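Use these hints to put chain F onto chain U, whose structure you have.
Okay, here's what each chain looks like letter by letter:
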Amino acid sequence: MIREPKPVRWVLRLFVICYVGLLVLWPVFLVAQRTLSPGWQAVVSSLSSPEVLLGLRLTGIATFWSVLFNLVFGVGISLLLVRYEFRGKRLLSVLLDLPLSVSPVVVGLALMLVYAKGTPVGRFLYGIGYQIIFATPGIVLATTFVALPLVIREVVPVLTEIGDDQEVAARSLGASGWQTFWRVTLPGIKWAVVYGVVLTLARSLGEFGAVKVVSGNISLQTQTATLVVQDTYQDFQQQTAYTVSLLLTLAAVLCITVVALLRPKEKLS
Amino acid sequence: MTAVAELDPPVEAAKRKTGKPYVESRRRLGTGSRVGLGVAVLWFSLLVLIPLAVVVGTAAAGGAGQFLAALTNAQTLNAIGLTVVVSLAVTAINVVSGTIIAWVLVRDRFWGRSLLNVVIDIPFALPTIVAGLVLLSLYGNNSPLGINIANTRWAVALAIAFVTLPFVVRAVQPVLEELDVDVEEAAACLGAGPFATFGRIVLPSLAPAITSGAALSFARGISEYGSMVLLSGNLPNRTEVVSVRVLTHIENGDLASAAALATGMLVIAAAVIVALDVLRRTVARRDS
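Just so you know, the protein sequences line up as chains U and F, in that order. Counting in UniProt numbering, the first sequence runs from 1 upward without gaps. Counting in UniProt numbering, the second sequence runs from 1 upward without gaps.
Just so you know, the hints here were simulated from the structure itself, not pulled from any lab data. Certain hints may be false.
Mimicking EDC-like on lysine to aspartate or glutamate, the simulated pairs with C-alpha atoms at most 20 angstroms apart in a straight line are [said to hold, decoys possible]:
(1) U:117 with F:254
(2) U:89 with U:161
(3) U:6 with F:184
(4) U:190 with U:165
(5) U:190 with U:161
(6) U:89 with F:277
(7) U:6 with F:185
(8) U:117 with U:85
(9) U:117 with F:251
(10) U:6 with F:108
One side of the interface only, derived from the structure: several residues of chain U facing chain F at Cβ under 10 angstroms [unchecked claim]:
(11) 20
(12) 27
(13) 73
(14) 90
(15) 105
(16) 144
(17) 191
(18) 193
(19) 248
(20) 259
Sample of chain F residues with no beta-carbon within 12 angstroms of chain U, all distances over it, derived [as the list claims (entries may be wrong)]:
(21) 64
(22) 74
(23) 82
(24) 85
(25) 152
(26) 153
(27) 207
(28) 211
(29) 235
(30) 237
(31) 282
(32) 285
Since the structure is predicted, the reported quantities are computational estimates derived from the model, not experimental observations. Glycine is no exception: its CB is placed at the ideal position from the N, C-alpha and C atoms.
Isolated chain U (complex conformation) (with noise of 0.2 angstroms):
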């Protein structure tokens, strides 16, 4: 291994201590501070108005369907992926790479070009009871859409390294495909499947541009959390928009917290 000279190694050590720390650290650390300067009593009460609170139930119900949406079909279409050949697999899995690097803005768009009560689509599911756009399964759909590939992407190398023997070996002795399944493989992935749903809950919570779309971003409404930030910050309610930014900020660090403390254990095990 190279050891670059001392003098050296002080500076880069110092340059990206610096970097990431003018950049990340020390505004994440004001915002906490601007939040808890007033009080407990400032930041409760601004927890309780209606506005937040209705905000986090939306974030919280589009967060728990993106997560178990993406959870079953991210898991169903790793295994098809790694395990199946069929016509078309190479570019599926380049299009199912896609969600992640579209704008929010355009998902939004997307979405609301089909959906919308004044397409054919929108049209038709409105006639049977479903409003999409302008309402939760609008939100539900756009928060899906962005999270999709993360568990995917971490199952897909994992299934592959782990390879197919054990499977092939229950599956000679007798186990039926669903056994194979619960006691073979998703015991093997079981990490991956973690730290892709910790990533989706993460990437679910934190969804703003494409929500703000299809939402409509009614206020009292439609607004999940992220979107009652921007509206309370406008609207010069400050300590509003920092205690549900800290809250969510929590929300984030908590979660790449959990995935770099689990990451180690695996490699030792």
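Relative to chain U, chain F alone:
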């Protein structure tokens, strides 16, 4: 989050050794898995593929003239120029700083290193609107540093630098960890200094990872929206980025123009993903 995860090394390896495809592992679809695949593809189409196709369809429906008119509107051109230039500049910064951060995280040992490793992921996990608010606290009105760049073009660059920080770091880090240090030692024994070793041995092996991190960072930069809202002020012709422009069109009910711009953004997103797939396969083939 590894961008250069090799997709199927055992299979590639098996193909090389036996000259035959890895038959055992790749089963053909049975009835159950066929239904599963059908349901999965249907869900993916309803959620992602059809809506994105309709965006392109809406843009095309107006004809080439309308499409070009939407893209060459003066305000839109300014937004495109700003977004592309700033994203490229920030990506260049990320290539350097991201590689240095990955290097320090892998090769250096100091107190707080594991904390730093977690902090790098904060921009991934933090909601973008909160990212804007967070940056505003240090670089806005009440800045303890006395720097106020809110509502300027610097704010656009700052927002993009924040949200794209992890891409190059997380692409380079795993490759650097797996790097064979014997080669570096051999170079050192043969008289190469640390800088020559880095430039001639380490850097070339990191190049694919740096490239893929840079591509992801650029794609994220041009699509960024949430972190601009509070920070850049979205001033027309000055700090307005492409995604803000798309949203303005949507809010004004001009869905054709919104779709035209969105199609342009989709083309870049798709190009980046295809390029990464090609890169990933090339690297996997070279390594096996």
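Verification of the supplied hints:
1. U:117 with F:254: 16 angstroms, holds
2. U:89 with U:161: 19 angstroms, holds
3. U:6 with F:184: 18 angstroms, holds
4. U:190 with U:165: Holds: residue 190 (chain U) and residue 165 (chain U) sit about 17 angstroms apart, inside 20 angstroms.
5. U:190 with U:161: 14 angstroms, holds
6. U:89 with F:277: 13 angstroms, holds
7. U:6 with F:185: 18 angstroms, holds
8. U:117 with U:85: 40 angstroms, violated
9. U:117 with F:251: Given that 20 angstroms is the threshold and the Cα spacing comes to 16 angstroms, the pair holds.
10. U:6 with F:108: Since the Cα atoms of residue 6 (chain U) and residue 108 (chain F) sit roughly 11 angstroms apart, the hinted pair holds (cutoff 20 angstroms).
11. 20: Nearest chain F Cβ about 6 angstroms off; hint holds.
12. 27: 4 angstroms, holds
13. 73: 6 angstroms, holds
14. 90: Hint on residue 90 (chain U): holds, closest Cβ of chain F at ~8 angstroms, below 10 angstroms.
15. 105: 4 angstroms, holds
16. 144: 6 angstroms, holds
17. 191: Violated. Min distance 15 angstroms.
18. 193: Violated - the Cβ of residue 193 (chain U) stays beyond 10 angstroms from chain F, reaching only about 15 angstroms at its closest.
19. 248: 5 angstroms, holds
20. 259: It holds, given that the least Cβ distance between residue 259 (chain U) and chain F is near 8 angstroms, below 10 angstroms.
21. 64: 20 angstroms, holds
22. 74: Holds, because the least Cβ-Cβ distance between residue 74 (chain F) and chain U comes to about 21 angstroms, which exceeds 12 angstroms.
23. 82: Holds: least Cβ distance 15 angstroms, greater than 12 angstroms.
24. 85: 17 angstroms, holds
25. 152: 17 angstroms, holds
26. 153: It holds; residue 153 (chain F) is separated from chain U by about 17 angstroms at its closest Cβ, greater than 12 angstroms.
27. 207: Non-interface label on residue 207 (chain F) holds, nearest chain U Cβ at 17 angstroms vs cutoff 12 angstroms.
28. 211: 15 angstroms, holds
29. 235: Its Cβ never comes within 12 angstroms of chain U, the nearest being 15 angstroms, so this holds.
30. 237: Residue 237 (chain F) clear of chain U: closest Cβ-Cβ about 19 angstroms, beyond 12 angstroms.
31. 282: 14 angstroms, holds
32. 285: 14 angstroms, holds
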